Structures are given as structure tokens and as C-alpha cells.
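I would like the entire structure built from these sequences, with the hints used as guidance.
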Amino acid sequence: MTLDTLLLEVVLGAPLLAALILVLLRGRGTRFAGWIAGGSAVVTLGAVFGLLPTLYGGGEPAVAFSWIPAVNIQLRLHVDWLTLPFLVTEAAVTLAAVLYSWGYHKADERSGYFYALLLLFAVGMSGTTLADDLFLFYIFWELMLIASCVLILVWGEGARRGAVALKYFIFTHLGSLMVLVGLLVLYNATGSDSLVALRAGGWELAPGLLTTVLTLFFIGFSVKMAIFPVHLWLPDAHTVAPMPVTIMLAAAMLSMGAYGILRFPFSLFTAEQIAPFALPLMLAGLISEVYGALMALAEKDIKRIIAYSSVSQMGYILFGLGTLNRAGIEGATLHVIYHAIVKALLFMVAGIVIRATGRRNIDELGGLGRAMPWVTACAVIGGLGIAGMPPLGIFNSEWMIFSGGFETTHIALSALTLFASLLTVVYALRFLGGIFLGERPAGLTTSPVSKILVATTVALTVLLIIEGLFPAAIFDWAEHELPLLLGGGL
Amino acid sequence: MTGNVWVVLPLAWVGGGAFLLGLIGRLWRRARNPILAALTALIFGGGLLLQLPVFAEVNGALLGNGGLPRWGTAAPGGIVLEATPSALLLSTLALGMGLCAALYSGGYMARDPRYPVYYPLLLLMVAGLQGMLLTTDLFNLYLFCELMSVAAYALVAFRRHTDTAIEAGFKYLILGSVGTLVMLFGIACIYREMGELALPLAAFAHGIWGRVGTASILVGLGLKSGIVPLHTWLPDAYGRAPSSVSALLASVVSKSTLIVLLQVCLGLGMPASDLGLLLILFAFLNMTLGNGLALVQENTKRLLAYSSIAQTGYIMFSLGVGLRYGLPGALQAGMFLLLTHAVMKATAFFSKGVCHFYCDTSTVAELRGTAQQLPLAALTFSLAVAGLAGVPPLAGFVSKWFILAEGVRAADALIYVGMAIFLLNSLLALGYYLPLIVRVFQPLDKEDTAPRFALSPWMAGVLLLLGALIIAIGLSPGPWLAWVG
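Residue numbers (my numbering), protein chains in the order written: chain A, 33 to 522; chain B, 7 to 491.
Just to be clear, a hint being listed does not mean it is correct.
Said to hold, decoys possible - Just a sample of chain B residues kept apart from chain A, beta carbon distances all over 12 Å, derived: (1) Asn10; (2) Arg35; (3) Pro40; (4) Thr98; (5) Ala116; (6) Gly201; (7) Ala392; (8) Val404; (9) Glu412; (10) Leu430; (11) Gly437; (12) Ala460; (13) Leu461; (14) Leu471; (15) Pro483.
Stated by the list, open to error - Covered stretches of chain A, as calculated for chain B (at least 3 residues, CB under 8 Å): (16) 94-106; (17) 168-174; (18) 184-198; (19) 214-226.
Think of the hints as simulated: they come from the structure by calculation, not from any bench.
Fair warning: this is a prediction, and the values are worked out from it, not measured in the lab.
Idealized CB from N, CA, C, for every residue including glycine.
Encoded structure:
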């Protein structure tokens, strides 16, 4: 066993082991639950970075076991440059969410299970990115749904959590089933479920079948990305989920849809085969972007405002993918990373505000700037970040996405996308102004919040600034994935 | 009476055990429920052990070393039993489930004063089933089918102090008897045509009587397997029977009848592709009607019964694809779902029985608070229901994957439509499976007291075993799949 396979096993094994320990401890380990989860999240993130040298050296760490030999199904994990940006994002968001939970989640006898499920959710996501065969991919894909659904069902806020969890499950499972059909067709095309065999080529689909499969993949993965009009599960799920879960949902899980699009349609088919879908993807991205921004302007609940902003931001990513060129796809990948940081940051701020004031309606909030200077500073940076202000990260990725758009023949669409991004500025300013500036409404008092919440938020803000000022490494990662896509023609 | 005696031994052992246990119950008045349950479990366990020697021979026969093990005399009035691979598989499954049901009843039957009658009936039902699977001629098939059915009628109506049980048992009796009568009529028709009843016969290829006979047997056995539109007895029977009995009926009895039906139809010379088409078309009815009606059920066990009808549809679909397009993989996938469904559905019924036993719940709404009062039952129930819904990595998902993967292989317009119906049905099914899980984990209101019950070790053991099995099959389906193959 080499160091790489060991690291690969640690990425999945550490959170799994920690989850197992937490479950076995039952109610007894409550006091250590957060520490155990945090420790495993740190180990995972470390292991992910440990894989970098091999990747830079041109290697692709992999580990494989035979699983169901009778029908040619094996269990193979593998990292390449396409995996890396998503894997890093997922591991970092998990760490942030666990740390935030230390302050947010009130310890009781069920805390162990809470952290265990949070880790399983993370395993589902990292497994999805690592899986190198179809069967395993689908299992992890659904694991992330199940774990998050249970978290919403049991720890959700408000009486409607049962109904919301149900809606979330059924909606995203519908998307998963579409993906499943696509996977099965691919499985049948090569007779093995290994992506290695699929990448090796030597198989083809009848034209009608090809269109069907690609359509199913695009719609199925769009459900996970919450693209209009299949976004309906998102606002409710994000609003009802406890804040750490919301952070993981918004900052990491949504991007898994983008990963799916890159991993299946984009890396298994050629640019000519995908070309008919370029315009629909760009259009869907644009509509989602505008619709999400308008809804964010119309909402009053501060958690829902940020939730709709996710619909809008995922629209940018889909638009970038739809351009089918270097800049657009690279920009979409960068946007996944930057959006994760900014979105986690904004939700953390919202969580602190809700904790401190007990209110979540933006009309009943205001003038908190003086009472919470640190949080306000973080919120301002996060708000400017999502509005695309240089030098904060999202400026970089939006720049790439727009320039990708202008390289295509659809200049008008790209111009519309550019101007629609103004709406983002409006809702970001409304969010900041409504909460932190202006008159303080009568009866609004603040209670002190846990220092850990503020510390995590500040740390993330610092990360956002650093990533914005020194984006070279991340650009480099995104650059490396391009040869893997669209038949290497980029 | 020649041949391999190991073929008949398990059947004789279980059937003989039934009479012995009946005597013990009658003569030894002080035999308490746990003692009888343990004895029943011993008999089932012994049956399982006695079956082991046949496995090696069947494996050998499959590899081409000699024929399948047989026992009996082929003369008129004689009986020949043959251990086909599917018969062996299902009879092992029946014995295993019987073992679980017997152990479970050690706790579950504690409050029924008539337990001395219960255990012999359980054994008789399984013995009848084994006979149906092993026998190679239509006459003995009829006899064993009646033996199994009569025991089943009595078991469904076992809690006779409740009028619903009597009603359900009576309905089952009437419809079941119609089914066996139709079957008897069919057998008579075939006897008129061919002059003998030992399978395989080429009756179908000949005259009108052969066709009428085959059709009648199809209807008779179809009724017993709960194929829509002959399913009307099923929700009442499963819903009103004691949970241990419902588990057995849903997991092995009706599904084995389906396999017997296939064996008989093929034995009567019905072309495999026609039979496959018939199965696929009726499978659509089963899936859609089962899932659709399950959505509106308020009683948990009736809901599970309708889900059973739908799952029968999935199994029929896969077997039908296998028969119609000559895909052994699809047959294997169908048998695999049969196995996993048996484990999951039995777990669901057993867990539900625990809730009924301690908290007297029968509607879905009353399941609320189960997680607080009976954590283990809540866990196994959720596992089973999630598995039935096809949630990975549990057993149900793996079986659905195989079925769909094989369906794609058939590459036929009918099958693409069928797969679409299949997937829509799986989605529809989430509409009732998920609320069950949500309900189980919903806490009771603050003012309601929620005592935590100590689970009887009999029931807890069975639940733990089956729950672990659901996860184990899901995580490593390889050996099970090979076994089914």
C-alpha cells in the first residue's frame, strides 16, 4: 500500500470511523462528539491536500477492490484533477460546518448522532467525487441525500420539517432516478460499471439514445443544482435545516450537480455531441440567475434571501458550463470554490444574527452594526464578495464566465447575463443594509452569541480575502482539469 | 420408493414435526408458549440442516454431473419429488423465515391463549409450501397447495376474538377455495387431454383442453400469488393476520406460489416468450395498482400488503423479461429481489408487530413516538421500509439496480416503456414509504407519557438478525447473488 492509496482511504475512512465511534458511544460521548467530528474533518482535509503532490507529478491515485464479480461490478476510488476542486471544497466546508456546530448546536444526548450524520453527509459528498464506478457513484450520491434528509427531519427548525424533508427527498430523488437511468445505459454500453472502461472508449450509443441519456443527465444533475424550474426543493430545505446543515447543503452539495455534469456528460462525450445542449444550458443558467436574484429581492426571511441567492449563483455555474469553452468551464469550476466560501460565510452571518436577536424577518431587523462590529465586518465583506467586487474571489470567476460567454456566438445572452449580475448587487446591499444599517426597530435586543461562531466566521472571511488576493493556485487546479473534458479539445 | 432420501427428509421432518408438536401441545398441558416456540424453531432449524446435503448434489447437477436429485416412485398413484435449484432456494428461504417467525412468536404470542394450535399450523403451512415446490406432478401439487392454504386460512383467522380477523379469514377462505377449485378443474382438463399428470407435459401444444387447463391453473395459482386483479383477498389477509403470519405469507408463501406457477406453466409446454409477455403486462398492473392503493392506506399492515402487491409486480417484471428475451441475468435479478424482498418485508411486518404488541398501534398515524418507546423496532422498521423504497446501500437498491440493468440489456421498446413505468412506480412508492419513516421518528406530544418498553429478547433477536441482513446484503450482494444464480 503506497502513501497515496492510504491517503485516499483516509479521506473516506476518517469520517466513517468517527461516525461509527459516535454512534457506538450513544449518549455517553456528548461532550467529545464535536471534538471527534472536528478531528476527523481536519484529518480528511489534510489527507486531501496530501494527495496534491502526486497529482502535480502527473499521477492519479486510485484504489480498487472487486465487489460483485458476478456482474462485473467493482469498487474503485480515484482522484484526478476534475475531482480535486470539488473534493477540497467539500472537505473544507465540512470542517467549517463542524466548527460552526460547536457553537450553534446545543449539546444534548443526541449530539453524537447529529455529528455522525453530518460526517456521513460529508462522506456521501466526498465519495461521490472519488467514486470511479457507476454503482458506487450512485450509492454515495444517494447517501448524501439520505444523511441530509435525516438531519432536516430530526433537527430541522419549525413544525413543517417533516413535510419539508419529504419534499426535499422526493424532488431530488426524482433527479437521481434520471441520473440512474443514464448510468444504467452507460453500464450496458460497456458491460462493466467502471469509469475506466468508459473513458477508454470503444463504445458508442445510438443517436436517439445519446440524446435521451444526455437530456436525462442534464435534467437530473440540474435538480441537485437547484436550477429554475427544478429548484423548488431548495428554499424550504435551506430554511428549515439547522444552520450547519444549511451551510453544507448550500456551499458543497449544490456543486455536486456541477460535478456530475463535468464527470459524466462533459468528460465522456465529445464537444460535437454536447454542442446541441450548449444553448439550452446557457439559457437555463441565465433564467435561473435572474429568477433567483429577483426572488432574493422579494423574500423577507434572511435565510431564504441567501437560499434564493444560491439558485441565482448556480445559474452562473450552469451558464459557464454551457459555453463549452476554456474560459467558461474554468470560470464555472472557480465559481464552485468561491461560491462555497461566500455562501458559507453569509449563512454563518445569518445564523449569528438569528441566534442573537431571535428574529429572521428583514423588516424587523436593522441597525445591528454597532452591536456586532465583527459580524458586520464579515457580512460586509461577504456581501461585497457575492456582488462580485474585486479583489474578492467571485470577481475572478465571474470574469472568466462572462469572457467565456462572449467567446461564443451568443453575445446577446452573455450581455444579458452580465447585466443581470447587477441584481446581485441590489440584493446583497439590501441584505447588508436591512440588517446592519438604519434605525434599530423598537424592541430589538441582542443577546451574546458563542465566540466560536464569530471566530469561524472571521476565519472564513480571512480565507475569502486571501483566496481573492492570491488566486493563482486555484486557477492552476481548474486549468489542469480542462484536458480531461470534452474529448480533450479545449 | 427409491432415490435420494435427502430430498424428502426436510419435508417429512417439518410435516412430522407439525403433528408431533400438535400432540405435545395437547398432552403436555404445562408447555408454555416459549417452550413450544423453541421446539418449533428447532424443527425449522433441523429442516434447514437436513437440506444441506442436497445442495452439493444440485450444484453438481448444474455443472453437468448427473441429474437433479429425485425421490419417489413414478408409478400411477405414486409421487416423485425433485429438488430443482429454485425449489431448493425457496424451500430454504421458507424454512429460514419459518425459523425467524417461530423465534419471534416466542415473544409475540405470549398473550394468545391458543398458542398450542398456532405452532403446528405454522409448520403445516411451511410443509405444504415445501411440497408444492418439490413435487413434479399436478395431483400432488393440488394436495400440497390445499394443505398450505388450509393452514394459512386458519392462521389468518387465528385471533378469532376480533371480528375483523374472522372476516379476513373467511374472505381468504372463499377466494382461496375458488382458486384451488379452478386449479382442480384445470388439472382435470389436462388429465382428459393427456391421460397423465406428471410434469413435464406438452399439453399446451395439443388441443383445446390443454389450453383451458393451463389457463385455469394460471388463474388458480395466480390468485394464490396475489396477481392483480385476483389480489382482493390479500390486503385483508395480511392486514388482519398476526404479524408473524403476515410476514411469512408476504415474504415466502405468495412469492413461492408465483415461482410454482412459472414452473407448472413451463412444464405444461407454454412457450417461455408468451409466458414472459403475460408476466410483464400483469406486472404493470401489479406495480401501479399496488403502489397507487398503498398511497391511500391508513392501516400500516394493509399498506405493507399493498406494497407487497407492488413488489410482486417488480419480481414478475424481471422474471418476465428473463423469460421473454432469454436473459438468465434477469431471472437471477428477479430471484434476488424475491430474496431481498422476503427479508425486508418480513422485517417490516415483525417490527410492526412489535409496535402492535407493546403500544397497540395499527394506523400509520399511531406510529408516532415509536422511536422513543421502541428504538430498536423503529430502527429496523425504518431500515426495512427504506430498503423496500430502494434506498442505497440497502438490499432493495441492489436488486432494483440489477433488474434495471438487465432490462436495459433487453433493448426492446416494450422494456423501455416498462422501465419508465418501473421508475415512476418507485417514485410513487416513496410517497408512502417516506411518511412511514417520518412518522416513526416524530416525537410524541409533551403531555403524552412515553414509557420506554423493554423488548422481549425473542423479538429483539430476530429484529437484529434481519436488520443486519438487510445491510449485509446491500453492502456485499456478491455471495447472495451467486447463491440465487
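Structure versus earlier hints - violations, ascending order: Those not satisfied are hints 7, 8, 9, 10, 11 and 15.
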